[in-house]
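*Asks:* Turn these sequences into a full structure, and let the hints steer you where they fit.
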Amino acid sequence: MGNKEKGAAAERELLHMLCEEGFACVRVAGSGLMSHSSQASDDSCDLLAGKFKRKYAIEVKSCKAKKKYLSKGQIENFLIFSEIFGLEPVIAVKFSRQGWFFLKPQHIEKTKTGLAISLRTAKKHGKTFEKFVK
Numbered sequence: 018m019g020n021k022e023k024g025a026a027a028e029r030e031l032l033h034m035l036c037e038e039g040f041a042c043v044r045v046a047g048s049g050l051m052s053h054s055s056q057a058s059d060d061s062c063d064l065l066a067g068k069f070k071r072k073y074a075i076e077v078k079s080c081k082a083k084k085k086y087l088s089k090g091q092i093e094n095f096l097i098f099s100e101i102f103g104l105e106p107v108i109a110v111k112f113s114r115q116g117w118f119f120l121k122p123q124h125i126e127k128t129k130t131g132l133a134i135s136l137r138t139a140k141k142h143g144k145t146f147e148k149f150v151k
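As numbered in the numbering used here, the sequence shown has no gaps in its residue numbers, which increase by one up to the final residue, 151.
Simulated from the structure, these hints should not be mistaken for lab results. Don't take each hint at face value.
[To be verified] Under the rule of at most 27 angstroms between Cα atoms (straight-line distance), these lysine-lysine pairs were calculated in the DSS-like manner:
| id | residue 1 | residue 2 |
| --- | --- | --- |
| 1 | K84 | K129 |
| 2 | K84 | K70 |
| 3 | K81 | K21 |
| 4 | K70 | K129 |
| 5 | K129 | K151 |
| 6 | K23 | K144 |
| 7 | K127 | K84 |
| 8 | K89 | K141 |
[Said to hold, decoys possible] Beta-carbon label-pair distances, calculated as ranges:
| id | residue 1 | residue 2 | range |
| --- | --- | --- | --- |
| 9 | A41 | K129 | 34 to 42 angstroms |
| 10 | A41 | K127 | 29 to 37 angstroms |
| 11 | Y86 | G39 | 18 to 26 angstroms |
| 12 | F69 | G19 | 20 to 28 angstroms |
| 13 | C36 | T128 | 29 to 37 angstroms |
| 14 | N20 | T130 | 14 to 22 angstroms |
| 15 | L96 | K129 | 16 to 24 angstroms |
| 16 | C36 | Y86 | 16 to 24 angstroms |
| 17 | K72 | H142 | 34 to 42 angstroms |
Just so you know, even glycine gets a beta-carbon here, dropped at the ideal spot from N, CA and C.
*Replies:* Listed below in structure tokens is the structure:
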């Protein structure tokens, strides 16, 4: 299974989990294009989810390693997209055998070449799925 297929599978898994908890949730088709940008962007968001007054733009990531690397441009576009829609931006990361963690963008770590989310940071600053859906 390639990276795109793994990413789509993680998105579908999280979508179903959120729906089971009473959230309205949809995958964003064609994420990767933003009309206000002069170039194609890396991303807008992967999922839109809401439950009453809680409304989220969710960027979904999954990895086997203890650190997930992200591009600065992708996160910048994700934040712009979230702001335009008036949604709270959330990064959902699934670490193998550790489950899902939900982080605010300010908890993304800066690296020499871009951005990253480590398992350690996710455990320290993120919410587990159970806490996120409460």
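*Asks:* Would you mind marking each hint as holding or not holding in the structure?
*Replies:* Checked hints:
Our distance criterion of 27 angstroms between C-alpha atoms is met by K84 and K129, whose separation comes to about 14 angstroms. For the given pair, K84 sits about 32 angstroms from K70 by alpha-carbon distance, which is inconsistent with the 27 angstroms threshold. A threshold of 27 angstroms between alpha carbons decides the hint, and for K81 with K21 the separation of about 15 angstroms falls inside it, so the pair holds. Restraint check for K70 and K129: the C-alpha separation of about 38 angstroms exceeds 27 angstroms, so the hint is violated.
At roughly 36 angstroms between alpha-carbon atoms, K129 and K151 are farther apart than 27 angstroms, so this suggested pair is violated. Restraint check for K23 and K144: satisfied, since their Cα atoms lie roughly 22 angstroms apart, inside the 27 angstroms limit. About 12 angstroms separates the Cα atoms of K127 and K84, which keeps this hinted pair within 27 angstroms; it holds. Between K89 and K141 the alpha-carbon distance is near 22 angstroms, which keeps this suggested pair within the 27 angstroms criterion.
Between A41 and K129 the C-beta distance comes to about 40 angstroms, which sits within the given range of 34 to 42 angstroms. A C-beta distance of roughly 34 angstroms is found between A41 and K127, which places it inside the suggested range of 29 to 37 angstroms. For Y86 and G39, the Cβ-Cβ distance of about 33 angstroms falls outside the hinted range of 18 to 26 angstroms, so the restraint is violated. Separation of F69 from G19 is about 37 angstroms and departs from the stated range, judged on CB atoms against 20 to 28 angstroms.
Separated by about 34 angstroms at the C-beta atoms, C36 and T128 satisfy the suggested range of 29 to 37 angstroms. Between N20 and T130 the C-beta distance comes to about 18 angstroms, which sits within the given range of 14 to 22 angstroms. Judged by the Cβ atoms, the range 16 to 24 angstroms given for L96 and K129 holds: they are separated by roughly 21 angstroms. Distance hint check: the CB atoms of C36 and Y86 are about 29 angstroms apart, inconsistent with the given range 16 to 24 angstroms.
K72 and H142 have their C-beta atoms about 21 angstroms apart, which leaves the hinted 34 to 42 angstroms range violated.
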